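Colleague: Sequence:
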Amino acid sequence: MNLWTLAVADLRRYRLSNSLHLLLMALGVALITALLLLASQIAGRFARDAAGVDLVVGAKGSPLQLILSTVYHLDIPTGNIPLDEARRWAANPMVASATPISLGDNARGYRIVGTTPAMLERYGARFASGRIWQAPMEAVVGADVARDGFRQDARFAGSHGLTAGGHVHADHPYRVVGVLAPTHTVLDRLILTSLDSVWAIHADHDDHDDDAPDDGYHADQEITALLLRYRSPIAAISLPRMINMQSKLQAASPAFETARLMQLLGLGFTTLKALAGVLLLTAALSIFIALYTALEPRRYELAVLRSLGLSRGRLVVLLWLQALVLSGAGTLLGVLLGHFAIALLGALSPQASGIRLSGTIAVAPELGLLALPLLVGTLAAALPAWRAYRSDPATTLADG
1 MNLWTLAVAD LRRYRLSNSL HLLLMALGVA LITALLLLAS QIAGRFARDA
51 AGVDLVVGAK GSPLQLILST VYHLDIPTGN IPLDEARRWA ANPMVASATP
101 ISLGDNARGY RIVGTTPAML ERYGARFASG RIWQAPMEAV VGADVARDGF
151 RQDARFAGSH GLTAGGHVHA DHPYRVVGVL APTHTVLDRL ILTSLDSVWA
201 IHADHDDHDD DAPDDGYHAD QEITALLLRY RSPIAAISLP RMINMQSKLQ
251 AASPAFETAR LMQLLGLGFT TLKALAGVLL LTAALSIFIA LYTALEPRRY
301 ELAVLRSLGL SRGRLVVLLW LQALVLSGAG TLLGVLLGHF AIALLGALSP
351 QASGIRLSGT IAVAPELGLL ALPLLVGTLA AALPAWRAYR SDPATTLADG
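So in full-length UniProt numbering, spot 34 of the sequence shown is number 34, and the numbers just go up one at a time.
Take these hints with a grain of salt, some might be off.
Straight-line alpha carbon distances no greater than 25 Å define the calculated SDA-like cross-link-like pairs of lysine to any residue that follow [to be verified]: (1) K273 <-> A329; (2) K60 <-> M262; (3) K60 <-> D84; (4) K60 <-> A255; (5) K60 <-> A236; (6) K273 <-> L261; (7) K273 <-> A157; (8) K273 <-> R45; (9) K273 <-> A236; (10) K273 <-> A347; (11) K273 <-> L23; (12) K60 <-> Q41; (13) K60 <-> A329; (14) K60 <-> L285; (15) K248 <-> D75; (16) K248 <-> R131.
Rather than coming from a laboratory, the hints here were simulated on the basis of the structure.
Bear in mind that the values here come from a model prediction, so they are computed numbers and not experimental data.
Put together the whole structure using the sequences plus the hints.
Modeller: Structure representation (structure tokens):
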């Protein structure tokens, strides 16, 4: 006789209670799956966004806020710094490259970043169409920005502040002269322009020649931060301490601050994982109780199966298969629900927001979930199977 057919048929007889056990299992797996996807995508995005940035120099304040605002563009800056001072540290022999950035405006929630062409080189960006800016009020947009209506040659006005709703600078419209190909970094959701463009809006430029080449440095101006890359590993030890001790500026390491942030997020993830573990344990117990309590009303049925030639070993396998089918179906449903939850979260988040989540990406730790049905099924079926194994079919049939 086919054990799979018997196992599935028996489960269908108690479909309501078994559906509840399956759903409980699915919820625990879904929560674990969603956490794995969320942690993986956040860590991956942070790593890509900070690639090529060893140190950020900005105004005094929270180092984490400085990194979040200038590298990941998720927070407000700690302030501005004098360009002369930034130039001095950019010329330090321990610095291999320095990229100035200036923040302050946005367009429909997308940040407008004044910078130099070195910003594109830092992320290895390529143009899908158009070119780099060559004059003030020319802009290059990331792939996500372009998909939201900022097409080639489109004109738009920025608004004050880093979120939508501020005063619109209608007298200083930008023109899109270039669209970047997707980089899967923070660049995709930024609007890039020259530093002159930002200064033209926020400061008096009577003394500045707009036709002069924009090298990013003008003595009477300020920038938000300077993104540095070390010339050698020794600079990681010396340069941050020098900047913090010998100037009024602040030096913050993206690697260190991101690790600290992930550690803080990890506390929340650990709590949710513990909750998921409780759900899985409860699911295993519910499957165990279902199998164990079903033995008594099925004693005669199992005895008949034994008398028809079903060995003790195959009887144990039958009960184990029932637990395996329940836990396996719950695991599969849970993985699908976890991916759907992340996809829904990504779809509901604004296009201009930080991290774009995807439910179509699988991560390696998910493979560990494949062992769950085997583990839960074995644990849940162990005692009921042992009790069924020790039962005497002759005695059961004789007792009626």
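Colleague: A separate judgement is required for each hint: does it hold in the structure or not?
Modeller: Hint check results:
Between K273 and A329, the direct Cα distance comes to roughly 21 Å. Compliance with the 25 Å bound is thereby established for this hinted pair. Only pairs whose Cα atoms come within 25 Å are accepted, and K60 paired with M262 is accepted, the gap being roughly 23 Å. This hinted pair checks out: K60 and D84 have alpha carbons roughly 16 Å apart, not beyond 25 Å. A C-alpha spacing of about 19 Å is found between K60 and A255, which places the hinted pair at or below 25 Å, so the restraint holds.
Taking the CA atoms of K60 and A236, the gap is near 19 Å; set against the 25 Å cutoff, the hint holds. Annotation: proposed proximity of K273 to L261 holds, straight-line Cα distance about 18 Å (limit 25 Å). This hinted pair does not check out: K273 and A157 have alpha carbons roughly 45 Å apart, beyond 25 Å. Note on K273 and R45: the hinted pairing holds, with a Cα-Cα distance of about 22 Å set against a maximum of 25 Å.
About 35 Å separates the Cα atoms of K273 and A236, which puts this hinted pair outside 25 Å; it is violated. About 24 Å separates the Cα atoms of K273 and A347, which keeps this hinted pair within 25 Å; it holds. For the suggested pair K273 and L23, the alpha carbons sit about 18 Å apart, so the restraint of at most 25 Å is met. For the proposed pair K60 and Q41, the alpha carbon gap of about 30 Å is over 25 Å, so the pair is violated.
Only pairs whose Cα atoms come within 25 Å are accepted, and K60 paired with A329 is rejected, the gap being roughly 54 Å. Proposed proximity of K60 and L285 is contradicted: the alpha carbons are some 55 Å apart, above 25 Å. Distance check on the hinted pair: K248 and D75 sit about 22 Å apart at the alpha-carbon level, within 25 Å; holds. At roughly 37 Å between alpha-carbon atoms, K248 and R131 are farther apart than 25 Å, so this suggested pair is violated.
The structure is inconsistent with the numbered hints 7, 9, 12, 13, 14 and 16, although it conforms to all the rest.
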